[in-house]
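These protein sequence lines map, in sequence, to chains P and U. Mapping the first sequence onto the working numbering, position 245 (from 1) lands on 251, and the numbers just tick up by one. Mapping the second sequence onto the working numbering, position 60 (from 1) lands on 177, and the numbers just tick up by one.
In case anyone wonders, no lab produced these hints; they're calculated from the structure.
Computed footprint of chain U on chain P; a stretch qualifies when at least three of its residues, placed anywhere within it, have a C-beta under 8 Å from a C-beta of chain U:
id, region
1, 78-92
2, 97-107
3, 121-132
Here are the computed distance ranges between Cβ atoms for each label pair:
id, chain 1, residue 1, chain 2, residue 2, range
4, U, K341, P, E210, 30 to 40 Å
5, P, S77, U, S218, 53 to 63 Å
6, P, R120, U, S218, 31 to 41 Å
7, P, T249, U, K341, 37 to 47 Å
Glycine included, each C-beta is placed from N, C-alpha and C at the ideal position.
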Amino acid sequence: MNNPVLNVNNVSKDFGGIRALDEVDLVVGDKEIVALIGPNGAGKTTFFNCITGIYVPTSGDVLIDPEGTGSPLRVNGKKPNVVTELGMARTFQNIRLFPSMTALENVMIGTHCRTRSSVWGAVSRNRATRREEQAVIQKSYELLRLVGLEDLVNELASNIPYGKQRRLEIARALATDPFLLLLDEPAAGMNPHETKELEGLILEIRETFGISVMLIEHDMKMVMSVSDRIYVLDYGRMIADGTPREIAENPEVIKAYLGEEHDD
Amino acid sequence: MSNATNDTQEKSFLGLLLTAGCDSFPQALWRSLIAAVWFVFLTFPIMVIRVNTIEHTVVWHWQRMGYVAVGIFFGSFVWRWLLARKELKKDAASRESKAESLLTRIQNNPTSKYLLLALIALLAVAGPMKFSLFGSKLQLLNLYQTNIMISCLVYIVLGLGLNIVVGLAGLLDLGYVAFYGVGAYAYALCNMHWGVGFWAMLPVGAVLGALLGLLLGFPVLRLKGDYLAIVTLGFGEIIRLVLENWGDVTMGPSGISNIDRPALFGIKLGIIGSTHYMYYIMIGLLVLTIFCVNRLQNSRIGRAWLALREDEIACQAMGIDKVKTKLMAFALGATWAGMAGVVFAAKTTFINPASFTFWESAIILSIVVIGGMGSIRGVIAGAVILILVPEYLRDFAQFRMLLFGSIMVVVMVFRPQGLISAKRKLYTYQAKPAGAANE
Ligand SMILES: Nc1ncnc2c1ncn2[C@@H]1O[C@H](COP(=O)(O)OP(=O)(O)OP(=O)(O)O)[C@@H](O)[C@H]1O
Ligand SMILES: [Mg+2]
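Looking at chain P on its own, in the form it has when it is part of the complex (with noise of 0.2 Å):
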């Protein structure tokens, strides 16, 4: 694999007696489209948290190397704020936008740790700040254009429907400009074409932004046909990770996760 921007070596999560995690190893390349599956309850959602600074973990490192220099940067145990400043961005399994903000100011609230302005600034006006301004403003528009939304620039994130708040998320996350974009369940609640949909648009942004992705989703035709390398978790462990094909083979898989899901 090309330099891996994420590294999460040994990580383990335990809450209380439970352990949610348990020694999991993942690695995302540069540009790489990583899926995460596994059947309800094993874990993943948790793993989001723990490299995303929600949750520490309990024991193990989360390295990240966006620039590919070699030295990895250790990340656990900063604030969620600091990780996504880092450069790692994620939207939520349970959507959580802001509800009473149009959906440009959702978008322009990702800008936050990457603009400046302050007290004095928002108070004054001054040249700077009405530049800063214009150009969030800007670059939060072409993020909704991005995803399809640029006919709601101006609507209540509360007033938008589900399939698109998905998407808003996704905006959301784009405008911190992160090089690694995670995905908690993007399609959940999507019919199939706005899930096709959604599988495009994963891809323009890696084209776009040259970043990598890594999603956590159920519809496994979708991470069979949108992912460069599947993980699966079953009961806090990684018990394979390969190419869409080596997992779909994979017998243990099969036991664990997909068995279940070929019953009906």
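Guided by the hints, dock chain U with the ligands onto chain P, whose structure is given.
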């Protein structure tokens, strides 16, 4: 009977009025009767029994019992009708009141907007002035009214300051009056000991407020909702108790008197002159507050406050530093209270800890909540109603608080989002043709 509540839309006005919210007319009748009896019972001590302390006799106003009963009996029909109407309207697309949409329309048209602003400015400036028009003497506000107006303006500034903390950042602060008190005492003490003037103390009050806001902010960073409310309430009480008990410095409960009024270019003004001067100072301070708060709320920092209020976890995950943002809200909110405190001390020329009780915090919070959280126009409307109405109801001295409470209940039932709810700014952007590069 089963579908009696479903077809309220098709009912005639009278039918709806008589049976709103109930299955049938007899049930409505029965409910109103119960309400009437209950209210007679509740208001019995204050309405019916009158103690004449001079003659040591008790006067019974039995007829008032009848008024209450009849009033509540018919009033409850109207109340239920209003509630039912509100339910019906809830589904309707626009939740805006008529006044609100009128205001929006005026604001969206530049001509009418500036015309309205000019009119308000003219009225505000002309307020206390005496002038003759067509031979008749005219004065909008006499001295007494000017004084009331000044305190109303002080409350608007306080409301706008608290609005940053509660309305924008969503941090329930019940100890806001502490910053107000510290501003007032800072001016009173510096004036008493070193003769520091009003204009020198105004910025000092602001800085003191901000510093104290930071001081309160640090320990409560991890707290949310009810817990935050309790701790800030305690903070407010601590400051008041210090003012009350640290007699050597603060002169204790007896307070500080003979505080200097602001001087105009070194000239001391008489009582009328200085009242008018104070009025214009407050107008100026209010304009400054509105200007700053408005710019702040539509800035990068204002958006961060809103995000913090809406969803703390998402806000952090989007790269916003929670600690910095919260502290900034506490500090910038308290700034205005510090300045308002200086103005208050200069206006009354006498302060004591009794002016800075929890009751004041509660009033300021009510102004924000009733007016509309996060809405500047709302806070102004809230302050005007909650401060001016009780003043003009002085004639009904005993019922003032009752009416005050009723206003609160009615507003909260019918407009839980406040009188004038916050509007988000609509941004304009350049819709570039497809394929244009990302900047
Ligand atoms: N904050 C927490 N405290 C205690 N237990 C938790 C916590 N968060 C997650 N868990 C537990 O960790 C396990 C993994 O949960 P997680 O949400 O990561 O699963 P998941 O793979 O995302 O499942 P799903 O597909 O349903 O989203 C579950 O057993 C869950 O109950
Ligand atoms: Mg999950």
